[in-house]
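Trainee: Letter by letter, the chains look like this.
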Amino acid sequence: MTATAMQPRTLTYAQAAALALQEAMQASPHVIAMGEDLGRGGVFGQYRTPEGRTLADVFGTDRVIDTPISEATIMGAGVGMALAGLQPVVEMRVADFALCAIDELVNQAAKNRYMFGGQGRVPLVARLPIGIWTASAAQHSQSFESWFAHVPGLVVVAPSTPADNYGLLKAALACGDPVVYMEHKELWGLQGEVGGTPVELGKCRVAHQSAASGDLTIVSWSRQVHACVDAAHQLAAQGIHAEVLDLRTIWPWDREAVLASSARTGRLLVVHEAVQAAGFGAEVAATVAEHTGARVARLGAPRIPVGYAQTLEAESRISETQIVQAARRLLGK
Amino acid sequence: MTELLDLYRTMVRIRAFEDAAEAASQGGVTWGGAATGKASEVRVKGPLHLSTGQEAVAAGVCQHLGPRDLLTSTHRGHGHTLAKGADATRMMCELFGRASGYNGGKGGSMHIADFSVGMLGANGVVTAGLPIAVGAAHALKLQAQEAIAVSFFGDGAINRGPFLEALNWAQVYHLPVLFVCEDNRISATTRSAPMTAGTQAASARAESLGIPATRVDGNDVEAVSSAARRLVAEIRAGGGPRLLHALTYRQKGHVSVDPATYRDPQEVAEALKDDPIARARECLHARGLTEQAERIEAEARQEIESALAAASAAPVPQAADAYTDVVTIGEGAWK
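Residue numbers (my numbering), protein chains in the order written: chain A, 1 to 333; chain B, 334 to 668.
Please keep in mind that the hints were generated in silico from the structure rather than gathered at the bench. Computed from a predicted structure; not experimentally measured. It cannot be assumed that every hint is accurate.
As the list claims (entries may be wrong) - Computed Cβ-Cβ distance ranges for the label pairs, DEER-style:
#	chain 1	residue 1	chain 2	residue 2	range
1	A	A314	B	G494	30 to 40 Å
2	A	R317	B	T594	52 to 62 Å
3	B	E540	A	A286	47 to 57 Å
4	B	G494	A	L312	25 to 35 Å
5	B	R401	A	Q310	55 to 65 Å
6	B	S449	A	H291	36 to 46 Å
7	A	D57	B	S541	33 to 43 Å
8	A	Y308	B	E600	53 to 63 Å
9	A	P68	B	E664	35 to 45 Å
10	A	T311	B	E540	28 to 38 Å
11	A	G60	B	R569	18 to 28 Å
12	B	D420	A	A137	51 to 61 Å
13	A	Y308	B	S449	45 to 55 Å
14	A	K203	B	S639	44 to 54 Å
What the hints assert, rightly or not - Heads up, incomplete: computed chain B residues facing chain A, CB under 7 Å, no partners named:
#	residue
15	G440
16	H444
17	F448
18	G454
19	V458
20	I465
21	V467
22	G468
23	A469
24	L475
25	P495
26	G663
Unchecked claim - To give a feel for the contact side, a few chain A residues facing chain B, derived at Cβ under 7 Å:
#	residue
27	D62
28	A72
29	G76
30	A77
31	V79
32	D103
33	M115
34	G118
35	H150
36	P152
37	G153
38	P252
Backbone N, C-alpha and C fix where the C-beta goes; we use that ideal spot for every residue, glycine too.
In isolation and in its complexed conformation, chain A is listed as follows (with noise of 0.2 Å):
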């Protein structure tokens, strides 16, 4: 069974990447999933048809595989899995807990292909679900990307629509290196026209497309990118015109795409919810600053744990506010 190009259908940010991975799963034997409550779906729902079925009641818990708390073996399995011949997607259940198996992805998938000389690879997928989840605190809420971006040997990726979700799953799934692949927590819900055109990894999407002559370039990705694309219609109707573009692939990233637009703006900010400290617009700022002169600014979180209180966790979320500002900075306004 091979799967056939779908009609496009309005499905949400968990729902849409269930179907990639069933699909993928119908077109190759050798695709399996596993990891902690996939039986009954995922902890978010993310493991089952729009229709409702659990993956494992389609496919059956041989390929989508329950698995006890060992986040270490899950991922080191998935390595095992992978140089014996299947292509496994590996749920981590929240990125944080990817911490439990960071030699697995960092010292083994992401180094096999290259220190054993291109004798193997390793075409798993990682999937690490990353962000602030109301009230869940330092430890369930955390944005790595920008520590995978630093390992070579990795691909990652960060969706922040349903239609990117569905695409770049199934991207990912083709890749045939390791793919540490970032959904954001408070999109599972995010309902969303899927199944246009294939998505390409390495590709950002332009999500807000200023008047012709912008002021700015906004660089953000995941959940962050709805709140840039809010920011950049409040700054719109305050006369400044923002670009605005999605990521989608941290690594690598799309700089040819990001050095036109901040080259033709003369200005760029790049937003995310991660740390501001060393986190990735601290990379793209830099490369664009280094090869256009361009303006830069990066907002992201202040350098704290992700506190349980509202009052404390709203401290690590960047607002459509914060943003509209930072921009009018940036303009000298």
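Given chain A's structure and the hints, the job is docking chain B onto it.
Mentor: Coordinates of chain B only, in the frame set by chain A:
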């Protein structure tokens, strides 16, 4: 009778390889890590973990494996790699950092591997091979293949969490995997016993999970082979995971330039008397196979001399090769 000759050949080849690699590694750095000024003349650079004295475990286990069986190893992995069927010349080329090495010079001793014979790699991280082997076994089972997976690890590895995770995983999914603990009594440069809870811990911990474990004199190659034959047959018959706990001794230091002066000289002297190759040679003499044993020794010497010569003459990788086999998407985006 012929099996002992096969086992002897494997052991002697490993010993010859280890001795040659050791000699080629001397003089570049001190055990403290300081360069001696002769570093540029040394052909095998970097940490070189020798399996000298542990050959019987590699030989006895791999005797019962074929090229489709999958193997993961440790930082002390030359013996496993040779025993699994890899070519000594390409291995030596890798240790010399040559383009014709198994890994094109990208891995060296700690990452020696020959995927073509099912040897999925030595590993620089203690215990890391176990989850990988378990995943390989899981894949073999899901694909209904008859092959099995085997993971070698040391006694130090049983104190890391992934040991428990991997054994538990193998048991709950009833996987075709053989865990082989090469218990050489030492964790890097520290005795393992005082930092390991329980006695006979590798086998006892497996048994606590319901995994049948077998203890064996790891310096008696026929005993290792006999135990491995039975365990491998049980696993191939669908019996689920097994653990082989082989008691052996690391005759050298943690790395080749480590004089291992932290050990009790009495203990070392006793252990050297228990050398697995000497023991096997005595058996061969007793069985009237002296001539065959000597021929095997001469062939091994010749094989390794030839490997050394080939490795010395082989070209080194080009700088541009540093950029290949990272990831395909975004290739060239590294600088």
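Trainee: Determine for every hint whether it applies to the structure shown.
Mentor: Against the structure, the hints come out as follows:
no.: 1; hint: A:A314 to B:G494: 30 to 40 Å; in the structure: holds, 36 Å
no.: 2; hint: A:R317 to B:T594: 52 to 62 Å; in the structure: holds, 58 Å
no.: 3; hint: B:E540 to A:A286: 47 to 57 Å; in the structure: holds, 56 Å
no.: 4; hint: B:G494 to A:L312: 25 to 35 Å; in the structure: holds, 32 Å
no.: 5; hint: B:R401 to A:Q310: 55 to 65 Å; in the structure: holds, 58 Å
no.: 6; hint: B:S449 to A:H291: 36 to 46 Å; in the structure: holds, 44 Å
no.: 7; hint: A:D57 to B:S541: 33 to 43 Å; in the structure: holds, 34 Å
no.: 8; hint: A:Y308 to B:E600: 53 to 63 Å; in the structure: holds, 55 Å
no.: 9; hint: A:P68 to B:E664: 35 to 45 Å; in the structure: holds, 37 Å
no.: 10; hint: A:T311 to B:E540: 28 to 38 Å; in the structure: violated, 53 Å
no.: 11; hint: A:G60 to B:R569: 18 to 28 Å; in the structure: holds, 24 Å
no.: 12; hint: B:D420 to A:A137: 51 to 61 Å; in the structure: holds, 55 Å
no.: 13; hint: A:Y308 to B:S449: 45 to 55 Å; in the structure: holds, 53 Å
no.: 14; hint: A:K203 to B:S639: 44 to 54 Å; in the structure: holds, 51 Å
no.: 15; hint: G440; in the structure: holds, 5 Å
no.: 16; hint: H444; in the structure: holds, 5 Å
no.: 17; hint: F448; in the structure: holds, 4 Å
no.: 18; hint: G454; in the structure: holds, 6 Å
no.: 19; hint: V458; in the structure: holds, 5 Å
no.: 20; hint: I465; in the structure: holds, 4 Å
no.: 21; hint: V467; in the structure: holds, 5 Å
no.: 22; hint: G468; in the structure: holds, 3 Å
no.: 23; hint: A469; in the structure: holds, 4 Å
no.: 24; hint: L475; in the structure: holds, 6 Å
no.: 25; hint: P495; in the structure: holds, 5 Å
no.: 26; hint: G663; in the structure: holds, 3 Å
no.: 27; hint: D62; in the structure: holds, 6 Å
no.: 28; hint: A72; in the structure: holds, 5 Å
no.: 29; hint: G76; in the structure: holds, 2 Å
no.: 30; hint: A77; in the structure: holds, 3 Å
no.: 31; hint: V79; in the structure: holds, 5 Å
no.: 32; hint: D103; in the structure: holds, 6 Å
no.: 33; hint: M115; in the structure: holds, 5 Å
no.: 34; hint: G118; in the structure: holds, 4 Å
no.: 35; hint: H150; in the structure: violated, 12 Å
no.: 36; hint: P152; in the structure: holds, 5 Å
no.: 37; hint: G153; in the structure: holds, 6 Å
no.: 38; hint: P252; in the structure: holds, 3 Å
Of the numbered hints given earlier, the model fails hints 10 and 35; all others are met.
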